[in-house]
Amino acid sequence: MEIAHLNEFIILAQYKNYFKASQSLYIAQSTLSKHIVALENECGYQLIDRSNKQIKLTEAGELFLHYAQLIVQNHQEMQEHLQQQTASEITSINLGTSRVMIEYGITEIVSETMKAHPNLRFKVHEGFEPDLHQMIEEGRIDISFLRERTPAIGEYSYTYVQERLCAVVDKSHAFAAESEISLNMLKDIELYMTPDFTLEHELFLSLCKREQFYPMISFTAPRIENLLEMAHIGEGVALIMEQQARYFADDCIKIIPFEPNITTYINMTVHDHVTINDGIAAFINLAKLESTATSENE
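Note that the UniProt record's numbering has the sequence shown beginning at 1, numbered continuously upward.
Among these hints, one or two may not hold up.
Claimed, not checked - So the derived label-pair ranges between C-beta atoms look like this: (1) E89 with S179: 54 to 62 angstroms; (2) P222 with M114: 24 to 32 angstroms; (3) T150 with M114: 38 to 46 angstroms; (4) E155 with M216: 41 to 49 angstroms; (5) L289 with K171: 34 to 42 angstroms; (6) R140 with S218: 17 to 25 angstroms; (7) I71 with S24: 30 to 38 angstroms; (8) E155 with I71: 48 to 56 angstroms; (9) L289 with P222: 26 to 34 angstroms.
Calculated directly from the structure, the hints in this document are not laboratory data.
Each residue gets a CB set at the ideal place from its N, CA and C atoms; glycine is no exception.
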């Protein structure tokens with residue numbers, strides 16, 4: 001017997017009128033009548049007294065109504081408990097990343113983890129380090145991928161990527177044939193960089209200060225594509241972290257090592273408040289495997 005048909009019988013017994021019951025159920029009277037007859041055929045008893053125009057249950061119908069109500073109620077409770085159990089198994093992860101989701105393969109790791117663990121839900125907060133650090137202090141980030149000065153330290157912190165700052169020029173630029181570009185070569189050269197609150201920009205300015213070098217930073221932008229476009233159409237040099245430059249690079253530009261070496265680290269950290277279940281452990285392991293593969297390729 002179908003639960004829906006049992007519920008229809010209960011509604012009909014309540015209204016004692018096919019028209020009103022069918023309206024309440026949003027079905028045709030003929031459909032409701034067919035379903036009631038189907039119930040009678042299944043149980044082998046007449047449930048509705050059809051000897052007069054008024055809807056009246058037979059004795060079998062009264063007994064059937066009692067058990068139909070119990071069955072429908074139990075079915076509803078079962079559905080509610082199953083939904084509660086499913087909801088309790090869902091794990092939401094607030095993932096904070098330093099504008100590095102796609103070019104560093106983090107999106108792929110999220111996708112692969114979700115395929116293996118459908119109860120995981122990811123809420124991504126992609127932005128700049130100062131904002132993300134504030135969110136971490138407030139306990140609003142569970143796992144972070146942040147650009148930092150030093151390699152990861154701690155039991156649940158891992159260095160995901162180590163990379164250096166590089167120079168990017170158009171292939172027609174005078175520097176395109178160089179094997180490396182030094183700080184002194186950038187004198188009086190227009191430079192294109194990420195905003196001054198980013199770590200790579202800060203480290204570059206610190207280097208300039210130590211070397212008493214005064215850079216001419218004429219263009220800053222958060223999006224790497226804009227910096228590469230400026231390198232292509234302008235006369236200057238873009239200073240970009242290597243893996244980001246390689247991800248967005250095309251045949252029009254040349255990526256050249258920059259000296260002195262400025263290195264940063266994308267560190268993955270699982271923050272203290274997080275309870276590590278199977279899904280989160282799988283995500284961590286995939287990230288560590290990707291980190292190992294990247295290191296080997298380098």
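Do the hints match the structure? See the list:
no., hint, verdict
1, E89 with S179: 54 to 62 angstroms, "holds (55 angstroms)"
2, P222 with M114: 24 to 32 angstroms, "holds (27 angstroms)"
3, T150 with M114: 38 to 46 angstroms, "violated (31 angstroms)"
4, E155 with M216: 41 to 49 angstroms, "holds (44 angstroms)"
5, L289 with K171: 34 to 42 angstroms, "holds (35 angstroms)"
6, R140 with S218: 17 to 25 angstroms, "violated (36 angstroms)"
7, I71 with S24: 30 to 38 angstroms, "violated (19 angstroms)"
8, E155 with I71: 48 to 56 angstroms, "holds (53 angstroms)"
9, L289 with P222: 26 to 34 angstroms, "holds (29 angstroms)"
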